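K.L.:
Spelled out, the chains give:
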Amino acid sequence: DSGVTQTPKHLITATGQRVTLRCSPRSGDLSVYWYQQSLDQGLQFLIQYYNGEERAKGNILERFSAQQFPDLHSELNLSSLELGDSALYFCASSVEGQRGNEQFFGPGTRLTVL
Amino acid sequence: AQSVTQLDSHVSVSEGTPVLLRCNYSSSYSPSLFWYVQHPNKGLQLLLKYTSAATLVKGINGFEAEFKKSETSFHLTKPSAHMSDAAEYFCVVSDPMNTGFQKLVFGTGTRLLVSP
Numbered sequence: 001d002s003g004v005t006q007t008p009k010h011l012i013t014a015t016g017q018r019v020t021l022r023c024s025p026r027s028g029d030l031s032v033y034w035y036q037q038s039l040d041q042g043l044q045f046l047i048q049y050y051n052g053e054e055r056a057k058g059n060i061l062e063r064f065s066a067q068q069f070p071d072l073h074s075e076l077n078l079s080s081l082e083l084g085d086s087a088l089y090f091c092a093s094s095v096e097g098q099r100g101n102e103q104f105f106g107p108g109t110r111l112t113v114l
Numbered sequence: 001a002q003s004v005t006q007l008d009s010h011v012s013v014s015e016g017t018p019v020l021l022r023c024n025y026s027s028s029y030s031p032s033l034f035w036y037v038q039h040p041n042k043g044l045q046l047l048l049k050y051t052s053a054a055t056l057v058k059g060i061n062g063f064e065a066e067f068k069k070s071e072t073s074f075h076l077t078k079p080s081a082h083m084s085d086a087a088e089y090f091c092v093v094s095d096p097m098n099t100g101f102q103k104l105v106f107g108t109g110t111r112l113l114v115s116p
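As you go down the protein sequences, you meet chains W and L in turn.
Residue 46 in the working numbering is what sits at position 46 of the first sequence, and the numbering runs on without skipping anything.
Residue 56 in the working numbering is what sits at position 56 of the second sequence, and the numbering runs on without skipping anything.
Chain W on its own, in the form it takes in the complex:
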């Protein structure tokens, strides 16, 4: 158990809908990262927050957004869902975000868009 929690475990929804994925980092970790794992794209970095502020963006679609709250938990919002958004979404956390800091991953949320 990494100490990172994600809810829900599974999510099944329809195209065009909007969902929210939730992540609670390890106690004391200030950085939260979101990754998407799909069969065709592999594991890709989406976005990072540090102590409530967005710090970096990766391959995140404009239909997706995230935020980190004062208690450091984070939410990833996915809207206007398409079939291709079906994937495993991971949250990770680290103490800070500097080079060499390992990231601890949650169990993931499996999103299925029908």
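Worth flagging that the hints you see were computed from the coordinates, not collected in a lab.
Remember, predicted model here, so these are calculated numbers, not experimental data.
From the three backbone atoms N, C-alpha and C, an ideal C-beta is built for every residue, glycine too.
Worth double-checking, as some hints may not be accurate.
Said to hold, decoys possible - Pair ranges (Cβ atoms, derived):
1. W:Lys-9 / L:Gly-100: 30 to 38 Å
2. W:Ala-14 / L:Ser-70: 49 to 57 Å
3. W:Gly-84 / L:Leu-56: 35 to 43 Å
4. L:His-82 / W:Leu-114: 37 to 45 Å
5. L:Gly-100 / W:Asp-1: 28 to 36 Å
6. L:Glu-15 / W:Gln-17: 22 to 30 Å
Stated by the list, open to error - List time: in silico DSS-like cross-link candidates among lysine-lysine, alpha-carbon distance up to 27 Å:
7. L:Lys-69 / L:Lys-49
8. W:Lys-9 / W:Lys-57
9. L:Lys-42 / L:Lys-58
10. L:Lys-68 / L:Lys-42
11. L:Lys-68 / W:Lys-57
12. W:Lys-57 / L:Lys-49
13. L:Lys-58 / L:Lys-69
14. L:Lys-42 / W:Lys-9
15. L:Lys-58 / L:Lys-68
Given chain W's structure and the hints, the job is docking chain L onto it.
P.N.:
Relative to the frame of chain W, chain L by itself:
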């Protein structure tokens, strides 16, 4: 940008035989490198990391990896495979961003199959 290439998509071994999972990296400076493992329907677990200290890095569950700058490699090894080692393994490099923070860049993964 930093990148990693995992040379094998699948590796099959027999229980009790050595494991070798190959990874080459591309980096414009001394990289931070990691190996993560993903068991079926589970999250990613850190096996080991290299951050410019000793070139031979020991990790959990008997795994180790050697950083070889001249070969730009970071291969993962284990002397004797166990059935429970069957999983997907990811070689990962940290890619610093202009914010001073890092993101992880994952290889495509190697699926390790262990037969009795």
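K.L.:
Honestly, which of those hints from before does the structure not fit?
P.N.:
Numbers 6, 10 and 11 - these are the hints that the structure violates, sorted from lowest upward.
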